[in-house]
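S.K.: Sequence:
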Amino acid sequence: MTEGRPLDVLEATLGESVAVRLKDGEIYTGSLAGYDQHMNVVLEPASNDAEPPTPGEVGVETVESTTIIRGDNVVTITP
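Start counting the sequence shown at 1; every next residue gets the next number (the working numbering).
Since the hints were made in silico from the structure, they are not lab data. Only a predicted model underlies this, so the values are computations on that prediction, with no experimental measurement involved. Incorrect hints may appear among the rest.
Computed beta-carbon distance windows for the label pairs [said to hold, decoys possible]:
#1 44 / 9: 17 to 23 angstroms
#2 37 / 60: 26 to 32 angstroms
#3 61 / 4: 16 to 22 angstroms
#4 76 / 15: 24 to 30 angstroms
#5 71 / 16: 24 to 30 angstroms
#6 5 / 64: 18 to 24 angstroms
#7 4 / 34: 17 to 23 angstroms
#8 12 / 38: 16 to 22 angstroms
Quick reminder that beta carbons are idealized off the backbone N, C-alpha and C, glycines included.
The whole structure should be built from the sequences, with the hints applied where relevant.
M.R.: Structure below.
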């Protein structure tokens, strides 16, 4: 498990499949393509060789195109 400052953890996770949980309970899965200092994140469809996380909860959406999520809506980002 990667530990450290939040932005360092995101940097180490670039290009990997992640699950992003939002304040409203929705979860989006995809490949972390980018982020900024405000924790805005860019997700792209997971590559064929990467298994997206399966939290097993209602409200999980798999990203099918590039998706930008505003950081103030993000609760957690899980590899």
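S.K.: I'd like to know which numbered hints this structure contradicts. Please list them from smallest to largest.
M.R.: Failing hints, ascending: 3, 4, 5, 6.
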